[in-house]
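Chemist: If you want the building blocks of each chain, they are given just below.
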Amino acid sequence: MLFPVASSPQDPVRVVVTGAGIVTALGAGWRSNSDGFRAGRTGFRPVTLFDVSRQRAKTAAEADLPEVLPQTRLDSRRLGRLDRAGRMLLLAAHEAWKQAGWAPAEDLPLILGTTAGGMMLGEAYFRRALENPVSRRGQAFRAVCYQPQVQARLVMEALNFSGPISIVSNACASGGNAIGQAWELIRSGQTTRAVAGGFDSLCEMVYSGFDSLQALSTTVCRPFDVRRDGLALGEGSAVVMLETLEGASRRGANILGEIIGYASSIDQHHLTQPHPQGQTTKSVMKSACASAGVDAEDIGYINAHGTGTVLNDSSEALAITEWAGTHAGSLPVSSTKANIGHLLGAAGAVEAVVCLMALREQWLPPEIAFEIPDPACKFPVVHQPQDARVEVALSNSFGFGGVNATLIFRRWE
Amino acid sequence: MTRIFVAGLGAVSPAGWTVAAMREALELGKSLPAQALVDLPVSSTGLMARLVPAPPTRPEFLSHPRLRRTSPITHYAASAALEAMAGIQPARLENTRVGLIVCVQSGCVQYSCRFYDEALKNPATASPLLFPETVHAAPASHIAVLVKNITLVTSQVGDPSCFLLAMAQGAQWLDEKRVDFCLVIGAEEPNWITADALRLFDRTTCISAGAGAICLSREPDPSFGVELTAITDAHTYSFVKGRGRAALAMRNQLNDHSDNKEADLLCDGLGNSPQVDRAELAAWRDWPGARLSPACILGQGLMAGAAWQCVAACDALAKRRFKTAKVSLVGFNQQAIGAEFQANDTSR
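So the protein lines, in turn, are chains H and Y. Be aware that the first sequence starts at 149, since it is given in my numbering, and climbs by one per residue. Be aware that the second sequence starts at 4, since it is given in my numbering, and climbs by one per residue.
Rather than coming from a laboratory, the hints here were simulated on the basis of the structure. Accuracy of the hints is not assured; some may be wrong.
Subject to a maximum C-alpha distance of 20 Å in a straight line, what follows is the list of computed PhoX-like cross-link-like pairs (lysine-lysine) [claimed, not checked]:
| id | chain 1 | residue 1 | chain 2 | residue 2 |
| --- | --- | --- | --- | --- |
| 1 | H | 434 | Y | 180 |
| 2 | Y | 124 | H | 206 |
| 3 | Y | 180 | Y | 151 |
| 4 | H | 434 | H | 526 |
Computed beta-carbon distance windows for the label pairs [stated by the list, open to error]:
| id | chain 1 | residue 1 | chain 2 | residue 2 | range |
| --- | --- | --- | --- | --- | --- |
| 5 | Y | 100 | H | 226 | 25 to 33 Å |
| 6 | H | 280 | Y | 204 | 51 to 59 Å |
| 7 | H | 194 | Y | 179 | 42 to 50 Å |
| 8 | Y | 324 | H | 226 | 42 to 50 Å |
| 9 | Y | 203 | H | 252 | 50 to 58 Å |
| 10 | Y | 151 | H | 340 | 47 to 55 Å |
| 11 | Y | 33 | H | 216 | 50 to 58 Å |
Short, incomplete list of chain Y residues facing chain H, as computed with Cβ under 7 Å [to be verified]:
| id | residue |
| --- | --- |
| 12 | 37 |
| 13 | 38 |
| 14 | 119 |
| 15 | 131 |
| 16 | 140 |
| 17 | 144 |
| 18 | 148 |
| 19 | 149 |
| 20 | 152 |
| 21 | 156 |
| 22 | 160 |
| 23 | 242 |
| 24 | 245 |
| 25 | 345 |
| 26 | 347 |
Heads up, the beta-carbon is just placed ideally off N, CA and C, and yes, glycines get one too.
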């Protein structure tokens, strides 16, 4: 039963990650992404998925997807129901599932973040309805399969598990909140395992939306650089397999890292703009640290939300500086949106996996294009590839609507 | 586990802008009249919908600056939220933390269609005022400004069964004492594209729109006396477990759990739509108690419809017409989930 459930255990359960899958413009899979982030590679190129000739911006971080998807329980007909976003989700979920070595399961929660789901199919439905009103061919398929819960169900089918599906849609904080909500379910004893992540593909409507807001960079995406002129969009997916430390230890699982803290908060300042002084950012980082039982001094790296817009980065920089206090001067910060763009609903999940990579392999992901820090940045912005000793990493995700998420990860030795 | 009580209800539906208006329409038992959708693209002529009437007077909350450019889904959700909170004594709300979970299926589809249409015609002139309101999280963001003390917010997308997942999440937040009240809202707005898509699957379905809100609390509310007693597992559909099997499993689990074996009220999702209703009809075929099917009266409200079912069930208990009420949510393409509420005299 979803309710009533047993009361929370007196001592919160420890939650570890035993599988992680990732797809970005840097590649499909942990290795290609890890190599790319470590070296500070970028994945931007002219947009090919739709016409951008009349947009201000012309580039994005498109992902190259393999022509053949991994062998799963989905036959070719059912694979055909997955759109671009769903295919990225399946790739990431399959990698994570295999890595975790989980067996088929019932009652395994799947919590995913997305902003647009299969929006490319939704767009196609709209265009067909306008352009070819007589023909209804394919419209039923588009109407059903653009819905993110349908993509999620197909992934469950592919990997042979079942359970409650939750689709979190907190704009650009969706992926971070999805992982956080899964973490809460396990920590409170309501489940012992969960699959969580985020996915979003590039699509014309969202690209046009950010372009209309003049939020897209027409030069280079440079979070925290004083010359920054906007964000760059990307696409991708990341999925993590979460389970109790006890369960993972019992089965001798390979633990990739531990999630030790999470918090979510609401910034009521404006629908699309953060509080200029970063009040909510400060409070969400504080709350996440409190849930993790750590202080700012314990954080060894921050993967910032860092979109590259003037407003976000100055607000976040002020918040980090004030929150970290004297520790700020030695707290390395970077935004991997400089490498792969803003993945919207997938961003928080992908950045969570980047944190796990950094902790596991002991490096920091650089922003190669970063040169001149914004005066609000009192912390070092990582801009050269570097190895580092990192024990605890923090990841920020903020979104339109003001729902923020902060996740905190600890290295597993 | 902490006991969870209902502290307030709100509804906006084709019957009007209050729970009372919805109750009256459900008691009358006559399907509300459908209207032709206007401003349709060529392909969608003849689409009908049960629309929310204009409010008798302009609601005061609409003058809030944050709501200036919002679309109807935000208006409906905000009105339902404020109604659900209105009955709670101010003293109870002082120094409290309120959680907010907004669920949608189609979501902010009016501005999405408008904006995409503009972008296709000429992206250089597509309105930047519209785009932020296309985001699923927009209604929750606006409500968080209107309703006092909101500290924890999330938005969910899915088929109507999600409304009960959200209720379970709200109960979890309350159990963990992260909030003192939790507003759970289901909302939709009317649009030709949703009606057009639904018509592909069942030509008899009549789309509608609106919102329903339930405020949950750890403390029994003297003015309501309604308790949430059960939410079943999510019976997710699969290639081997279709809607029919999932609906039956949900019903069986609800029966097994129930202390009160007497049939009382079933608030189901039937909507005079043979194809869509088939699984749910079969699962509850032998239900001997009273039945309430809001969609037959109000139309297919998607996530708002799920919220209306729960609101109608709780309202019937609050009015002491029944002792227990079950809610059956057999979603379109995700999962089947059921819930049980009880009238709780000890809380009065």
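Chemist: Once the shortest beta carbon distance from residue 345/Y to chain H is found, is it less than 7 Å?
Modeler: Violated, about 12 Å.
Chemist: Hey, does the residue 347/Y contact hint survive, CB to chain H under 7 Å?
Modeler: violated, 14 Å
Chemist: Is it true that the C-beta distance of residue 280/H to residue 204/Y lies inside 51 to 59 Å, as the hint says?
Modeler: Once the Cβ atoms are compared, 20 Å apart, the range 51 to 59 Å for residue 204/Y and residue 280/H is violated.
Chemist: Should the hint that residue 160/Y touches chain H count as held when the rule is a Cβ pair under 7 Å?
Modeler: holds, 4 Å
Chemist: Taking 7 Å as the limit, does the beta-carbon of residue 119/Y come near enough to a beta-carbon in chain H?
Modeler: Nearest chain H Cβ about 5 Å off; hint holds.
Chemist: Taking 20 Å as the top limit, are the C-alpha atoms of residue 434/H and residue 526/H close enough?
Modeler: Holds. Residue 434/H to residue 526/H sits at ~18 Å (cutoff 20 Å).
Chemist: How does the Cβ-Cβ distance of residue 324/Y and residue 226/H compare with 42 to 50 Å: does it lie in that range?
Modeler: holds, 46 Å
Chemist: Looking only at beta-carbon atoms, does the pair residue 194/H, residue 179/Y fall within the given range of 42 to 50 Å?
Modeler: holds, 48 Å
Chemist: Are the Cα positions of residue 180/Y and residue 151/Y separated by 20 Å at most?
Modeler: holds, 18 Å
Chemist: Any CB of chain H closer than 7 Å to the CB of residue 149/Y?
Modeler: Violated: closest Cβ of chain H sits about 10 Å from residue 149/Y, beyond 7 Å.
Chemist: Does the CB of residue 148/Y sit less than 7 Å away from some CB of chain H?
Modeler: The hint holds - residue 148/Y has a Cβ within 7 Å of chain H, the shortest such distance being about 5 Å.
Chemist: Honestly, do residue 33/Y and residue 216/H meet the 50 to 58 Å range at C-beta?
Modeler: The hinted range 50 to 58 Å holds for residue 33/Y and residue 216/H, with Cβ atoms some 56 Å apart.
In this structure, the hints that do not hold are numbers 5, 6, 9, 10, 12, 13, 19, 20, 24, 25, 26, in rising order.
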